[in-house]
Amino acid sequence: MEVCERFKEFRDRNRCVVYFPNTHNDEEPEAYSSFLAMMRVQMGIMILAPDREERFEPVYRDALKYHLQTIRHSRLFTSYVPIKTRVYFVETIAVRDAFYACADFCVPGGTLSDGPVDLESPIRAGCPILFGPKMADTAERRGLLQAGGARYAASSEEIAEQARDWLKDPASAKEAADKAKAWWQAQGRSL
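For the sequence shown, full-length UniProt numbering assigns the number 1 to the initial residue and increments by one for each residue that follows.
In case anyone wonders, no lab produced these hints; they're calculated from the structure.
Owing to the predicted nature of the structure, the values given are computational and were not obtained by experimental measurement.
Glycine residues also receive a C-beta, built at the ideal position from the N, C-alpha and C atoms.
Among the clues, some could well be false.
[As the list claims (entries may be wrong)] What follows is a list of derived Cβ distance ranges for each label pair: (1) Ala139 x Leu36: 30 to 36 Å; (2) Ser79 x Asn25: 28 to 34 Å; (3) Asp114 x Glu5: 34 to 40 Å; (4) Met43 x Thr92: 35 to 41 Å; (5) Leu36 x Ser190: 34 to 40 Å; (6) Arg189 x Lys8: 16 to 22 Å; (7) Ala94 x Ser190: 31 to 37 Å; (8) Pro29 x Gln69: 30 to 36 Å; (9) Arg189 x Gln69: 35 to 41 Å; (10) Leu191 x Gln69: 25 to 31 Å; (11) Lys65 x Ala139: 24 to 30 Å; (12) Lys174 x Leu76: 33 to 39 Å; (13) Lys84 x Glu54: 26 to 32 Å; (14) Gln69 x Ala136: 22 to 28 Å.
Using the sequences provided together with the hints, build the complete structure.
This is the structure:
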């Protein structure tokens, strides 16, 4: 089964699929806070992928305190994700990039707390990017925002507001992803 097919029930019921890839130390609480704020706007599922293998188990155990139904990628290889699932936990580095194509948008790791940010992977996959409040003021951030290739949220609540706009108008999210790709390539970067 192709990885995005697992979210078929969410798509059939018009539920959002939000990706928090490569989360760094201490970013997960902010990711959960942002996702819970989004849930007030539209029901859906959060795909969560910590940045390093040694963090998978501690982050998973810590996630249980949120009392949200969570499924681990490594335990679901052949079936659809049940509609009541709220968190899809990716603990396999080899497949992490495959989930960009499944998401309505992503909030990259390193934008919820200080840390390196992988922009190339979501841009290559055509996944709209929403920068969290701690995204460093870099040339990439300024360029993508100016080109309309990403959005910036100053807080968890603002992440939910930005998400609402894109979820109501998926064409504008797709347009932002296309602008991000064009901007990235205009900088001489290959995809």
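Hint by hint, here is what the structure shows:
1. Restraint check, Ala139 to Leu36: a C-beta distance of roughly 33 Å satisfies the suggested window 30 to 36 Å.
2. Distance hint check: the CB atoms of Ser79 and Asn25 are about 32 Å apart, consistent with the given range 28 to 34 Å.
3. Checked against the hint of 34 to 40 Å, the pair Asp114 and Glu5 passes, with Cβ atoms roughly 36 Å apart.
4. Against the hinted window of 35 to 41 Å, the Cβ-Cβ separation of Met43 and Thr92 comes to about 26 Å, which falls outside the hint.
5. Roughly 38 Å separates the CB atoms of Leu36 and Ser190, a value that falls within the hinted 34 to 40 Å.
6. At roughly 34 Å, the beta-carbon separation of Arg189 and Lys8 lies outside the given 16 to 22 Å, and the hint is violated.
7. A hinted range of 31 to 37 Å is violated for the C-beta pair Ala94 and Ser190, which are about 22 Å apart.
8. Our hint of 30 to 36 Å for Pro29 and Gln69 is violated, since their Cβ atoms are close to 18 Å apart.
9. At about 39 Å, the CB distance of Arg189 to Gln69 agrees with the hint of 35 to 41 Å.
10. Roughly 35 Å separates the CB atoms of Leu191 and Gln69, a value that falls outside the hinted 25 to 31 Å.
11. Distance hint for Lys65 and Ala139: a CB-CB separation of about 38 Å, inconsistent with the stated range 24 to 30 Å.
12. Under the hint 33 to 39 Å, the C-beta atoms of Lys174 and Leu76, about 28 Å apart, miss the expected range.
13. Separation of Lys84 from Glu54 is about 30 Å and conforms to the stated range, judged on CB atoms against 26 to 32 Å.
14. Distance hint check for Gln69 and Ala136: the Cβ-Cβ separation is about 34 Å, which falls outside the suggested range of 22 to 28 Å.
Going through the hint list in order, the structure does not satisfy hints 4, 6, 7, 8, 10, 11, 12, 14.
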